[in-house]
Structures are given as C-alpha cells and as structure tokens.
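Peer 1: For reference, the chains in residue letters:
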Amino acid sequence: MIAVSEVASVVDRERFAAVFDAHYEEIRRYIGRRLDLDVAEDLAAETFLIAFHRRGRFDAARGGVRPWLYGIATNLIGRHRRAEIRRYRALARTGPPPDDDGHDQRVAERVTAGVTVGRLSGALARLSKGERDVVLLIAYGGLTYEEVAEALGVAYGTVASRLSRARTKLRDTLGVEVC
Amino acid sequence: MNEFQFIDDAMPDVPLADPVRVAETKARALNGARLSRRRIEGRSRGRFGWAVAAVATATVVAFVMTVPRLGTDTAPPAGGPGEVLEAVADRAAARPEPVESRYWRTTTEIFLRVRVNGYVVDDWGRQTLWYSPTLPTVREWTRLGTVPSTEEDRAAWERAGSPELCELTRGCGDDHLPPVDRTLVMPDPPNRPARPLQVFGVGLDLKEIRELPKNPVDLKARLLTYWPVYSRTQPKGPAEKVDDWLWSVGTSLLWDAPISPGTGAAVYRMLAGLPDARIIGTAQGPHGRAAIALARSSSFEGTESRILIDPSTGDPLGLRKMLVTARDGMPSGAVTTTITVQKSGWTDTSPRMPKGCTLEDAERCVY
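Read top to bottom, the protein sequences are chains W and V.
Start counting the first sequence at 11; every next residue gets the next number (my numbering).
Start counting the second sequence at 11; every next residue gets the next number (my numbering).
In case anyone wonders, no lab produced these hints; they're calculated from the structure.
Be a bit skeptical, because a hint or two may be false.
What the hints assert, rightly or not - Stretch by stretch, here's where chain V covers chain W in the computed footprint (C-beta under 8 angstroms, at least three residues):
| id | region |
| --- | --- |
| 1 | 30-37 |
| 2 | 155-167 |
Said to hold, decoys possible - Below, a list of computed lysine to any residue pairs in the SDA-like style, where the Cα atoms sit at most 20 angstroms apart:
| id | chain 1 | residue 1 | chain 2 | residue 2 |
| --- | --- | --- | --- | --- |
| 3 | W | K179 | V | T117 |
| 4 | W | K139 | V | I17 |
| 5 | V | K251 | V | D215 |
| 6 | V | K217 | V | P189 |
| 7 | W | K139 | W | D182 |
| 8 | W | K139 | W | R65 |
| 9 | V | K251 | V | P238 |
| 10 | W | K139 | V | A103 |
| 11 | V | K251 | V | A305 |
| 12 | V | K353 | V | T117 |
| 13 | V | K251 | V | G272 |
| 14 | W | K179 | V | D18 |
| 15 | V | K217 | V | D228 |
| 16 | V | K353 | W | D48 |
| 17 | W | K179 | V | I17 |
| 18 | W | K179 | V | Q15 |
| 19 | W | K179 | V | E13 |
| 20 | W | K139 | V | T117 |
| 21 | V | K230 | V | S262 |
| 22 | W | K139 | V | E13 |
| 23 | V | K230 | V | S322 |
| 24 | V | K353 | V | E373 |
| 25 | V | K230 | V | Y240 |
| 26 | W | K179 | W | R65 |
| 27 | W | K179 | V | F14 |
Claimed, not checked - Chain V side only, calculated, beta carbon under 8 angstroms to chain W, not exhaustive:
| id | residue |
| --- | --- |
| 28 | E13 |
| 29 | F14 |
| 30 | R105 |
| 31 | R169 |
Just so it is clear, the structure is predicted and the values come from calculations on it, not from any experiment.
Cβ atoms here follow ideal geometry from the backbone N, Cα and C, with glycine treated the same way.
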C-alpha cells in the first residue's frame with residue numbers, strides 16, 4: 011500500500027524534490043551498473059525529467075514510486091541495448107576495472123565457486139533483454155516480483171517465467187550453483 | 011547466497027555522483043526542463059561518432075574545445091603538481107592556432123549558490139558571447155532555473171510565503187527576465203566601441219588580444235599596464251588587490267577571449283606563479299571529468315577559486331569557487347560558483363536574432 015504523502019510528493023510540483031532526493035542516487039546507480047557512467051548520468055537525469063513531466067499520470071493504484079522510476083529508467087536503458095551488451099562483453103574479456111581492487115577482494119571472499127566477473131558478464135550478455143531486465147531489477151534495485159511486474163508493465167506470471175528461464179541460463183553458463 | 015545477491019556483489023559498482031551535478035540535474039527536473047536529444051545522443055556516440063559528426067557538419071568551427079581530438083597525445087601527464095602543470099601548459103601551447111572566422115563564440119554554464127532572506131538558493135544559467143572583429147557584440151542569456159538549495163531551504167522558503175525566486179544575476183526587478191529555458195538576446199549598440207571585448211573590466215580589441223605575450227613574465231607586465239585605469243574606475247569599497255585582479259583577468263582570458271594557444275599557456279604559468287597560488291595535480295572537473303586545478307584563495311571574496319584544466323589537452327574546463335570559511339549558513343568548502351565551458355572557438359555561424367529585436371525593444375529579444 012502506498013502512503014498518501016508519497017502520492018502527494020509525486021504529483022505536487024513543489025514536493026517532487028523529495029522524490030528526487032530519495033531516489034536519484036539509486037536510479038543513477040542502477041543505470042550506471044548497466045551502461046557506461048557518462049551515458050548513465052544523462053539517462054538518470056532524463057528519468058527524472060520524464061517522471062516530472064508525467065507526474066500527473068502517476069497512478070498509485072498500480073504501484074509505488076520506486077517501480078515507476080525503475081520502469082522509466084529500464085525503458086531508457088532499452089534504447090542502449092547494444093551498448094549494454096558491448097559493455098558486458100568487454101567485462102567478459104577484461105574483468106572489472108583495475109581500480110576496483112577492494113570490490114574484487116570482497117567478491118573473492120564471498121564467491122567460492124571460482125566464478126569471475128567476466129564469466130558473469132558473459133552470462134548476462136546472453137540473456138534476452140526481458141530476462142535481463144527482470145534479473146537486474148531484482149539484483150540491483152531490490153524490487154519484489156510484484157514491483158518488477160509494475161515497473162515493466164507485464165503480468166506477474168511473465169516475470170516468473172522470465173526469471174525461470176534466466177536462472178537456467180545463468181546456471182548453465184556459469185557452470186555452478188549460485189543459489 | 012542467492013543469485014541476485016551474487017550478481018549485486020560481483021558486478022562492478024559506480025562511484026557516488028558529483029554533488030554539484032546532482033543539484034544541477036535536480037533544478038532542471040524541478041523546472042520541467044528537458045535534456046536536449048542532441049546531448050543525449052551525442053554523449054552516447056563516443057569519440058568516433060563525434061569525429062563523423064564533425065566532418066558531416068557543414069558549419070565550420072575552427073576550434074571547439076568540447077570535441078575530443080583524435081590522434082593527439084591524450085595520456086594524462088605524470089609527475090609532481092609543478093611538473094604536471096608544465097606538461098599541461100606545453101600541451102596547451104601546442105594546440106593549433108585558431109583560424110579567425112565570423113564570430114568568436116563562447117558558451118558557459120553558470121551556477122550560483124547564494125543565501126537570500128534566510129534560505130539558500132541555487133541558480134543556473136547559460137551565457138553565450140558572440141564577439142566579431144567587425145560586427146556588434148551579441149550576448150545571450152538562457153535561464154535554466156532557480157530553486158531552494160536543500161529541503162531545509164525549501165521549508166524556510168515556504169515559511170517565508172514562497173516568494174518568487176528570482177534569477178540571481180538579473181534580479182526580480184528585471185522586466186525582461188526570460189522564462190525558464192528561454193533565451194534573451196542582448197545586442198550591443200550598432201556603433202562599436204574602440205575596444206569591444208571586455209575581459210574583467212579591461213576593454214581590448216582583437217589586435218591587442220592577438221599581441222598578448224606568450225611568456226608569463228611579459229604577459230603579467232602587459233596586463234599590469236591596464237590595472238591603473240581599472241582600479242580608478244572601481245567603486246569605493248574593500249580594496250581589491252592587484253594579484254586578485256590579475257587572477258580574475260587571467261581566468262576570464264582563458265575562455266572569454268580569442269587568445270593564441272601560446273598566450274593560453276602563458277596564462278596558466280602566470281596564474282600558477284601568483285602569491286598563494288597552488289597546483290592540484292588531481293582534481294574533479296565538471297561532470298566528474300579528471301582535471302588538474304590551479305587554486306588560489308581570495309581574501310577579497312572569501313573564496314578559493316579553482317581553474318579546472320583538461321590534463322590531456324590543456325583546454326580550460328571551467329572554474330569552481332568554494333567558501334574558505336563558513337558563511338551565510340553554508341559550511342566551509344561549500345561550492346558557491348561554477349562556470350563550465352561548453353564551447354569556445356571561432357565559428358562562421360551567427361547569433362539567432364528574433365524578429366523585431368533591437369536594443370530598445372528587448373521584449374522582442376526572447377526566443
């Protein structure tokens with residue numbers, strides 16, 4: 011259930027600032043993990059410009075603010091699908107950037123199956139766009155299955171079936187059990 | 011571990027956003043502005059795309075700093091701050107001599123953060139200067155938005171009755187204030203003054219700009235010849251020191267005037283040699299770009315000013331001013347001004363002049 015104040019914050023021009031403050035960084039981070047950062051900066055800004063222009067059409071009955079924003083961002087990412095896949099393929103070849111040592115160390119501590127960022131990137135590149143959207147909305151955005159359905163404007167069952175296919179592909183590609 | 015947690019942990023993360031850029035984006039969103047399609051697509055074209063676009067464009071832009079150059083030495087220089095500045099100045103001097111055309115055009119985006127009536131306000135605008143060797147100078151001002159800086163400032167503004175937020179550089183009393191995202195064109199009188207280009211209080215003509223020395227010592231000596239006239243014309247108040255003024259003139263020359271690459275390099279070296287100036291080898295430039303900075307505190311303004319320079323090309327990227335001590339409810343280090351250079355170079359295009367726009371009829375000068 012969405013709070014009345016949250017609806018007001020979206021629709022009311024003056025209160026839209028609170029929506030921006032609460033969600034800009036996470037939307038930028040979500041896009042920045044899927045596309046190059048300079049493109050992500052522009053798309054994060056565009057997400058909120060679109061949201062502001064469409065704030066009158068925000069329908070609280072269809073879900074919360076976060077799925078709504080993630081849905082706009084995911085649509086924008088869709089225009090850069092080839093760039094996203096190129097990025098995964100580059101990561102598959104080279105792994106994470108060299109200044110990411112601390113991050114790499116954290117992963118190394120948690121992953122015992124010998125799975126590298128490169129292999130995971132290759133696996134993500136091989137998912138269909140719909141499957142990748144579902145997986146990354148959950149992984150990066152922390153959305154529930156219901157929220158993913160709201161964000162993408164698809165049925166709950168579609169989310170479930172895409173997830174099932176994506177899991178199978180990820181496990182097949184990675185060659186390990188990750189859950 | 012489930013697969014979603016695994017992906018979240020394993021995949022590279024992104025650095026936090028530049029707070030100035032976030033504030034800029036917020037203001038644009040709240041003012042209902044739109045990012046131009048050209049900007050979105052241009053960003054995603056990459057270097058090769060830019061090069062193709064540049065070739066395909068019929069407009070001749072002899073020297074545009076925002077277009078990355080291909081085939082040049084673009085690796086950031088190594089060494090201590092002094093060595094880095096020397097290397098960057100050498101690169102600046104090695105840039106091609108600009109080819110004079112119809113107009114010298116400089117576009118800068120300006121951000122100001124000021125406390126007014128108990129709350130802090132952020133203000134954005136875009137300024138374009140069109141300077142011609144033969145035609146009257148034209149200035150354009152595009153208003154990008156004015157909003158309370160933080161939620162606390164917004165609350166204070168609402169308690170004050172939500173008064174109109176006026177553009178800081180022009181004020182509420184300006185009848186010709188353009189609406190947000192509209193541009194006001196300001197033509198100079200048709201009779202050109204003898205020295206039409208104003209560089210921080212100094213009127214110069216093209217010949218004087220061309221003949222500015224390429225050696226920092228000679229450049230400083232030449233600029234100081236303008237100081238007596240400038241200081242006599244300033245209103246009485248806290249005395250501005252000559253070094254503060256030299257810093258401001260040098261900064262303004264970097265993007266407001268069609269100086270030669272050699273003079274640009276001399277400006278960097280002259281500014282680095284001023285008392286209290288320091289070189290920051292690794293600084294954050296506009297939009298998170300890597301930069302080196304020339305920094306100097308001004309007791310006159312109570313701020314530290316940082317000139318941001320692209321270490322790969324020597325191009326000036328802009329300016330950032332920060333408070334030296336807490337003031338007006340803003341903490342020490344708060345950014346109060348940024349100037350971001352968007353374009354600077356000769357062009358054969360002309361400024362857009364709305365129909366009926368004259369010096370006397372400014373209402374017709376908005377597009």
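Peer 1: Are the Cα atoms of W:K179 and V:E13 separated by 20 angstroms or less?
Peer 2: 12 angstroms, holds
Peer 1: For a C-alpha distance cap of 20 angstroms, please report whether V:K251 and V:A305 respect it.
Peer 2: With Cα atoms ~17 angstroms apart, V:K251 and V:A305 stay inside 20 angstroms; holds.
Peer 1: Would you mind confirming whether the straight-line C-alpha gap from V:K230 to V:S262 stays at or under 20 angstroms?
Peer 2: With Cα atoms ~14 angstroms apart, V:K230 and V:S262 stay inside 20 angstroms; holds.
Peer 1: Decide if the proposed pair is consistent with the structure: W:K179 and W:R65, CA atoms, cutoff 20 angstroms inclusive.
Peer 2: 38 angstroms, violated
Peer 1: Between the alpha carbons of W:K179 and V:Q15, is the straight-line distance 20 angstroms or under?
Peer 2: 17 angstroms, holds
Peer 1: Using C-beta distances, would you say chain V covers the region 155-167 of chain W, given that this needs three or more residues below 8 angstroms?
Peer 2: violated (count 0)
Peer 1: Within a Cα-Cα threshold of 20 angstroms, do W:K139 and V:E13 meet the stated pairing?
Peer 2: 18 angstroms, holds
Peer 1: Hey, does the V:E13 contact hint survive, CB to chain W under 8 angstroms?
Peer 2: Because about 5 angstroms separates V:E13 from the closest Cβ in chain W, which is inside the 8 angstroms limit, the hint holds.
Peer 1: For the pair supplied as a hint, V:K217 and V:P189, confirm whether the alpha-carbon distance does not exceed 20 angstroms.
Peer 2: 38 angstroms, violated
Peer 1: Given V:R105 as an interface hint, is its Cβ closer than 8 angstroms to any Cβ of chain W?
Peer 2: 23 angstroms, violated
Peer 1: Is the hinted pair W:K179 and V:D18 satisfied, with a Cα-Cα distance of at most 20 angstroms?
Peer 2: 18 angstroms, holds
Peer 1: Assess, step by step, whether the Cα of W:K179 is no farther than 20 angstroms from the Cα of V:T117, and give holds or violated.
Peer 2: 50 angstroms, violated
This entry does not satisfy hints 2, 3, 5, 6, 8, 10, 13, 20, 23, 24, 26, 30, 31, going by the numbered hints stated previously.
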